[in-house]
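Asker: Listed here are the chains, written in short residue letters.
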Amino acid sequence: MGNGTGIGRVRGLGSARHGAGHWLTHRYTSVSNLLLVLWLIFSLATMPGLDYESVRSWIANPLVAVPLMLMLVSVFWHLRLGMQVMLEDYVHDKGLNFFAILILNFYTIAGAAAGIFAIAKIAFEGAAS
Amino acid sequence: MARNRSRPLSPHLTIWKWGPHMAISILHRVTGNGLATAGVMGVIWWLMAAATGPEAYAAFIQCATSPVGYLVMIGISWFFFQHMMSGIRHWVLDMGAGYELHTNKTWSLVIPVLSTLATIALWATIFAGKI
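For the protein sequence lines, the chains are A and B, in the order given. Letter by letter, the first sequence follows residues 1 to 129 in the numbering used here. Letter by letter, the second sequence follows residues 1 to 131 in the numbering used here.
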């Protein structure tokens, strides 16, 4: 596998020495996901209505907007780490694997940015409009 | 990775008898990737629609409250509870506990039941609130 040899390292084979950080961050974000997503589900299920005005005034509350943004950061970070492992396991072609992880990174950043922007827009505009 | 084809490969996948722990491990990946795509995109669509305006929000609600919309949302909620509970199982396994054959098998069988019950409880609450 080229784990120990110099030429193996040059060819990018073997450990990148990032595994433990990846693994731990996956666990940290699983804890924050558990808390924040359960909070979202509980809030949505107990809200009197999910119509436009109710949802906007709910999100406009800073005590909702901030945890909602944190939830998106946590969820997107967690899914990026998880999907990377999945792609590394199942996409064997090196070029295709590189491309797939590139797309995954674009997806993660774009998705999180869109969600956080939407929350910020509602929070700064206020419930009306 | 180039492999010397004259050397035998360890029969690591085909020799094992299927058990619930294997099913739940694969389900963890399936549900995780389902949430990472369909689940997350549903939430982003909801937020973007609410940020865009009443018409966009009405279009989202129309899709979400269609029969297919409800089916997708119920499916996503089961995916979430299943992934959450097998995730908690992974925490326990990460601590080095729960590997005894009987314990491992029991929890692998109990988790899908628990996640199904949680899904039923959630949607019963939602539909009861509507009526």
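Everything labelled a hint here was simulated from the structure, so no lab data went into it. Just so you know, not all the hints are guaranteed correct.
Said to hold, decoys possible - In silico negatives: residues of chain A with every beta carbon more than 12 angstroms from chain B: (1) Ala-16; (2) Gly-19; (3) Gly-21; (4) His-22; (5) Val-55; (6) Val-66; (7) Gly-95; (8) Lys-121.
What the hints assert, rightly or not - With beta-carbon atoms standing in for the labels, derived distance ranges: (9) Gly-19/B x Pro-62/A: 44 to 50 angstroms; (10) Met-86/A x Ala-97/B: 21 to 27 angstroms; (11) Asn-61/A x Val-92/B: 32 to 38 angstroms; (12) Gly-14/A x Val-92/B: 29 to 35 angstroms; (13) Val-113/B x Met-86/A: 21 to 27 angstroms; (14) Tyr-28/A x Ile-120/B: 28 to 34 angstroms; (15) Ala-97/B x Asp-93/A: 37 to 43 angstroms; (16) Ala-97/B x Ile-7/A: 19 to 25 angstroms; (17) Gln-62/B x Trp-39/A: 37 to 43 angstroms.
Even for Gly, the Cβ is constructed at its ideal location relative to N, Cα and C.
Asker: Could you work out which earlier hints the structure fails to respect and list their numbers in ascending sequence?
Answerer: 5, 8, 16, 17
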